[in-house]
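Hints are included, so try docking the two chains, each in its own frame, into the full complex.
Listed in order, the protein sequences are those of chains A and B.
Using the working numbering, you'd call the opening residue of the first sequence number 95 and step up by one each time.
Using the working numbering, you'd call the opening residue of the second sequence number 3 and step up by one each time.
FYI, nobody ran anything at the bench for these hints, they're computed from the structure.
Keep in mind that a hint or two might mislead.
Derived, one-sided and incomplete: chain B residues facing chain A with beta-carbon distance under 7 angstroms [said to hold, decoys possible]:
no., residue
1, Phe17
2, Tyr18
3, Val69
4, Gly134
5, Ala137
6, Ala138
7, Ser144
8, Ser148
9, Ser211
10, Met249
11, Val263
12, Asn267
Note that beta-carbon positions come from the ideal geometry of N, C-alpha and C, so glycine has one too.
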Amino acid sequence: MSQVLKREVVYAFTGLVTVLMFVEYFFFAETWSLAETIRTWAIIVYNISLGLGAIQLLRQHTLNLQRKRDNYGYSAVVLAFFAIMFLTGMMGYLATGQQTDNGIYNWLFVNVYTPLGATLYPITGFYIFSAAYRAFRARNIDAALMLIAGCFVILSNAPVGEAIWPGFATIGEWFKFTGQIPGMRTFAMVGALGMIAYGFRALLGKERGFYAGGGDE
Amino acid sequence: MSITEKMANMDRRVFYWILFFAMMVPFLSPIGFPLSIAPNTQDLYDGVTGDSIDAGEIWIINFGYGVSAWSECAPGVTVVTKALFREDAKIIFMGPHYDVELTMNKLMEDAGADFAGKEYGEDYVFLGYITGGEAAITQLASDMRSVYPQDHHGTDLDDIPLMADVNEWRDIAGVLSSDTGDWGAYFLRQWQEPHDVPLAQIGISMLGSTGIPYWLAGNYFGMSVGSRGGAELEKLIGELGEATTAMDSISVSHLMIVIAVIMANIGVLTDRGRES
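Here chain B stands alone, though its shape is the one from the complex (with noise of 0.2 angstroms):
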């Protein structure tokens, strides 16, 4: 057996372990490469900040991820809630997964002093958890009511001033629909598309080529990708947080990937030249 071979017959705990340990060195030694800013996440933050935003509009934030894709999705969603309430928007929290509770307590532990000045029911609101697929987001366009008769905490829209006019896509700024899945198509389909309402999507990693056509297209105004999205909002922001923390762990596990893929190859060239 050839060395190639013994090496492709490895159990794979031992490449695990390798694994392990190399993504340990920059936990235990941070590295801090230098980071460039992708114009589809320039797009997005400037879609959110400066002369884009007026005080007092009302966004909307879906939370269409749950626990598992927090470390993709949540950092991008923590700089889009500071940049939009800096700038004195009031914010629509939202999402379509049984634990957006638990995502929405991240938010307010991550963004704590900007929600600390911001009042519950003036400056934002937490409607939930939504279900009914493409249908809801549809309603949600034309009666909010008949999806969200009450909040997350059981009060009726009508007695929340922020909600008081409030009821369809018209009384909306913009969405920021931060997706594992098809909720930024939902709204792309039924608010961006029919209404014309400005939509940014700050997905996990795997969206990225599905969205990206839409962000050339236009319909999405920007686009976070994945964590270094987020790393990359966190440095337009100024404030480097967990995004940024773990781009040097996918610095070292995109590295190895491909010095895997090149040793196999080398080991199927090493055999291929020797059986020839």
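One chain only, chain A, in its complex shape (with noise of 0.2 angstroms):
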């Protein structure tokens, strides 16, 4: 029964609803409530797979923490802050139906996840000028003209290349608007199929681990 149930009946339903989708795309866009509705519950589910993802990583912090697993430390922080973030989000929440109304948690949010978060991206800047230099080697042609189509948008992109020299902003500008174009198209099509293909084989059973994580038939 619980096979039936892991795997018949989620093909049935995957495939009703890809079905109910298509009708509803190509024959009934304006009109459907039937699809309406279960886009509705599609975004209940999503919601409710937040919740479940809050528990699975409460779960798995707190049993490295019992087990003393590798680095548990950093599973105690985790708890720690969310705790705190709950706690002073569901205060505030409380109190005036905003959870930025209680003062710890504006404060957290805005002076420590903030530069936290701005700090991120600007990082990897320093990650890749060390990578640039250790990593960027035009070892065969094929290296030696990515490089160069690199370092000309690289410089098109930054206005001290055209001070530098007006050709590299005019070449740079080529590869974006005219050189990259056909491969990026080729990508967006050949993924675009593939994706149908997928959908196929998901409908058709021949991908299980569109359903329950095991590889393919």
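Have a look at this one:
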């Protein structure tokens, strides 16, 4: 029975929803409330999955802490901050309907989360600079062409490139607006065709990973 | 061990410090390189100003980015918000990041003078956090109230004057999606392509290569790419801001990367010559 629930019912439900969405998109785009209802369910399920994710996160880090696995100190930090943010957010929400009306919650968000988040992307610049020296080597003609094109694009993106030589911008923009377009369009089309093929395989039950974490049939 | 080998094995922290000090220079002494306007940015600006906009039109601005991408996306969003408000358009703000409230607060700070003349609920509304991925964006096109029964502050949409007659794609004049990921593509597939709703993207630099083909094909009426796009928009509206300030450090960091690549490859060529 559990096997039927795990596979056949899921296959059947996925197939049914797919057919409904196809029919709605191509034939009843403006009028079909059934499809809208199913999408609302999808959004509700999506929201429930956020709660499940939070529970799983707590469970995993609690286990890390209990069993003193590697780096379990980080798990303690995660759990502590989870508790602080959850409790302070709830206190603000219960008091005024706004999580951010709690001073501690707001202070942590503005003064801890914001600077950390804002630092995340820029710090990659340092890694890229180090990697540019260590890894971007023209070991063959393909790598050399990629490096040359990359340098032109980098210098066309930064105003300094144009200031050094206007040709950097001209050549770099050729790569951006002409050179890369056929490749990107090919990627997009191949990706779309791949998604269609994947969808059909999933519908036919050939993609077990889609349903239960297994491999191809 | 040759000099090039020694340099190749240099502690990576040395590189970090070199870049750090190089990037300090423009902060201590701003350089101000001239900036040209890319055609995709010009199209975006033209699409939200002048004859392209009628007073009273309702636009959606989607914050598809979190705090970590403020430096790349926020300046562009600030400029288009100012531009739309100055054309007397109305704006619905929303976003799929849990820190969307911080982003909204930042926007209200950065475009404070423009928000000051506008009234919440009449001229703009903040719907807040959205989840549900592409299904939610699809649903938003047909029944906004099923996705957002209330705004961010808990007010029913029916009680908000701006939202009184707004519930689907037909009520929206255009969408501006500012992204680090797929949200612009969701609007493209579920709003622009089936319903022909004007759509533009204000994305991080990495989205430039994927987004430009859609701009060339007319799916996006315009596109701003990264901090540079933001600086170009600031130049177009005539109010220089944080993206323009960032351009000097971007110039220095990009130049340093190119110098590092050149030096590394000189080393490779030298070693190869020695071996042969």
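So, going through the hints one by one against the coordinates:
no., hint, result
1, Phe17, "4 angstroms, holds"
2, Tyr18, "5 angstroms, holds"
3, Val69, "3 angstroms, holds"
4, Gly134, "4 angstroms, holds"
5, Ala137, "4 angstroms, holds"
6, Ala138, "5 angstroms, holds"
7, Ser144, "6 angstroms, holds"
8, Ser148, "5 angstroms, holds"
9, Ser211, "6 angstroms, holds"
10, Met249, "5 angstroms, holds"
11, Val263, "5 angstroms, holds"
12, Asn267, "5 angstroms, holds"
Every hint, counting from the list given before, is met by this structure.
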